[in-house]
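Undergrad: Chains as they are written, first to last, in our numbering: chain S, 1062 to 1424; chain V, 1062 to 1424.
Calculated directly from the structure, the hints in this document are not laboratory data.
One or more hints might be untrue.
Copies of one chain are not kept apart here, so a pair can be met inside one copy or by any two copies together.
[Unchecked claim] In silico EDC-like pairs for lysine to aspartate or glutamate, Cα to Cα no more than 20 Å straight-line:
id : residue 1 : residue 2
1  : Lys-1216  : Asp-1242
2  : Lys-1098  : Glu-1277
3  : Lys-1098  : Asp-1064
4  : Lys-1138  : Asp-1188
5  : Lys-1393  : Glu-1321
6  : Lys-1182  : Glu-1223
7  : Lys-1274  : Asp-1287
8  : Lys-1184  : Glu-1152
9  : Lys-1297  : Asp-1390
10 : Lys-1313  : Glu-1186
Predicted model only: the values in this text are computed from it and were never measured.
The primary structure of each chain is shown beneath.
There are 2 protein chains.
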Amino acid sequence: MQDKLMLMIPGPTPVPERVLLAMAQHPIGHRSGDFSKIIAELNENLKWLHQTKNEVCTLCASGTGAMEAGIINFLSKGDRVLVGNNGKFGERWGKVAKAFGLDVEEITAEWGKGLNPDDFKAKLEADTEKKIKAVIVTHSETSTGVLNDLETINKYVKAHGEALIIVDAVTSLGAVNVPVDEWGLDVVASGSQKGFMIPPGMGFVAVSEKAWKAYETSNLPKFYLDLGAYKKANAKDSSPFTPPINLMYGLKAALEMMKEEGLENIFARHKYLTQITREGVKALGLPLFASDNDAALAITAVAPDNHDAEAIRSAMRKRFDIALAGGQDHLKGKIFRIGHLGFVSERDVYTALSALKEVISSL
Amino acid sequence: MQDKLMLMIPGPTPVPERVLLAMAQHPIGHRSGDFSKIIAELNENLKWLHQTKNEVCTLCASGTGAMEAGIINFLSKGDRVLVGNNGKFGERWGKVAKAFGLDVEEITAEWGKGLNPDDFKAKLEADTEKKIKAVIVTHSETSTGVLNDLETINKYVKAHGEALIIVDAVTSLGAVNVPVDEWGLDVVASGSQKGFMIPPGMGFVAVSEKAWKAYETSNLPKFYLDLGAYKKANAKDSSPFTPPINLMYGLKAALEMMKEEGLENIFARHKYLTQITREGVKALGLPLFASDNDAALAITAVAPDNHDAEAIRSAMRKRFDIALAGGQDHLKGKIFRIGHLGFVSERDVYTALSALKEVISSL
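Extracted from the complex, chain S is given alone in its bound form (with noise of 0.2 Å):
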């Protein structure tokens, strides 16, 4: 039926009416005052939603470009590092990394499963000479509905010492308790199109103290995603290049609408979505992709066993008007990713396991 979509995919996730609105407002002068104020209180609240005193630095980017600037600004040519992989964006981190001449070592895990944190642990530990300059970890793996176990992680990189820890949290921030300043999080990076219920077109990155250090001697070339251009232009409510000014009106609307919500009932909700939707894929007899230990709170993904994922996926979106997200690479037609994410109420996860229940007698 005609503009009566309904998206249960990862991102864009759903945008509440109120941050729609608040985009079409005519955009005014982004060296003006009245935006410098704007400015402030967005970075106001973007400290409260990373629950950090750090630096917050927003970029007209996707969140692969806000993931970039957490690495190339703070390593130097031939700096080694673990890449966590174990689905398609962990692999992408590994590939930015090379393309910035940084000495990769991969820990993977089968697509599905979570990375065992005990093998950070033994890279870290071995490595006596602190040559390892950061670890790269993918929060929560969009790609297949994992969430990794960056606390674990995050303490063997704090006994390392010297490394920084450097976070995909794209699908996690505003999902699940990523508390940048308890964890002690060097870099932590995101995307507006997912737990900030806004559409895409910003990314965010949150750089710590030790984080800035690194950066004062990193020599990978940057000038656009130069994150210390950012930091000064945040010194001053300001933006080092023009900013994307509607998309900043949307993201005021929706941090009002999270701290109206609160951190704890956020999380909360995600919880408990995660956990109905499992309990409904479960009773339609169809196979979780992801165990209940591994299983991110952003995105469920679902194995069937007896259909194309592919065929339930069209069914939903040709029936119902639901789009799900498809697997990616080798997990094309054997995975469908139930999002529900960001702007998404228990109603909604009834309503998508509802029609799926239609869609797979029907099949």
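Given chain S's structure and the hints, the job is docking chain V onto it.
TA: Frame of chain S; chain V shown alone:
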């Protein structure tokens, strides 16, 4: 007066209601067939606007990001480049080139004057060993309201034969004639918040076959700004990373409007607006910063000799809610700039001139 702001700055430029409302639509998935159709339409219309058959890459980035992509994708470390610098943006492209280890030679002109094409001619003719790999020129220098003679400079680049011509067309595309194929422009970068009539958040880079050949041997590190990935995605009506969906809705509406008006009419309108702005400013006894010969068609810089430029700007803002741009760097307080780029009509210019008359007589 609350919400009565009128933008007469060089960017963001005024946004038509049709574009604002298009942006307020709920996003759909960027990997869906429906979105592929939008990408296909946008790419076709972008080619129309650029008067080219070349690939046009759409980036989620500001104009600076697009211009950086235009530089780093087609050059290698140590390559010699000529950079025209007669304002803030020409200066910036020199900085970008240096940040990536290029061997930069600047060709300068005083801020407010056009670059002298003969300076390029001399350097290019002297380069018999064809060491110059690119000439980087800001077509319309936004900081000073100067239109550089790209057509003539480009002729000398073509006579050289080896060098690529890389153009910052951020405030020229959609305002003055930039016939990409007719002139054989290799790389043309622009941004959404200018002639495109949409809010900031997107950059565009048109790339010639010759530039794609240079891409193959370019060794500067890149990932998010790697235009090869955008080219590959374009071939599948897709995008390499999550695109700024809602801004693309706005772009769709804006390009439709531009096609309805027609390129010739758009260029004629900008020429006429420039003419009446300059005549009106002169009639008020205020000196123009750039000569008639050098004048940009997107923005007019005024250098009031009897008043502080910032005082005029402030009064325009406070009494009439008209936002003008100030001078940058050493021009702060010495000039103010009236934008007449994008969704601007004759009425807007006369409104601004009437207000300016009142402000001048009251100061």
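Undergrad: Each hint should be assessed against the structure and marked as holding or not.
TA: Outcome of the hint check:
no. : hint                : in the structure
1   : Lys-1216 / Asp-1242 : within (13 Å within a copy, 57 Å between copies)
2   : Lys-1098 / Glu-1277 : neither (29 Å within a copy, 45 Å between copies)
3   : Lys-1098 / Asp-1064 : between (36 Å within a copy, 16 Å between copies)
4   : Lys-1138 / Asp-1188 : within (19 Å within a copy, 33 Å between copies)
5   : Lys-1393 / Glu-1321 : neither (39 Å within a copy, 42 Å between copies)
6   : Lys-1182 / Glu-1223 : within (14 Å within a copy, 53 Å between copies)
7   : Lys-1274 / Asp-1287 : within (14 Å within a copy, 28 Å between copies)
8   : Lys-1184 / Glu-1152 : within (19 Å within a copy, 45 Å between copies)
9   : Lys-1297 / Asp-1390 : between (44 Å within a copy, 16 Å between copies)
10  : Lys-1313 / Glu-1186 : neither (43 Å within a copy, 54 Å between copies)
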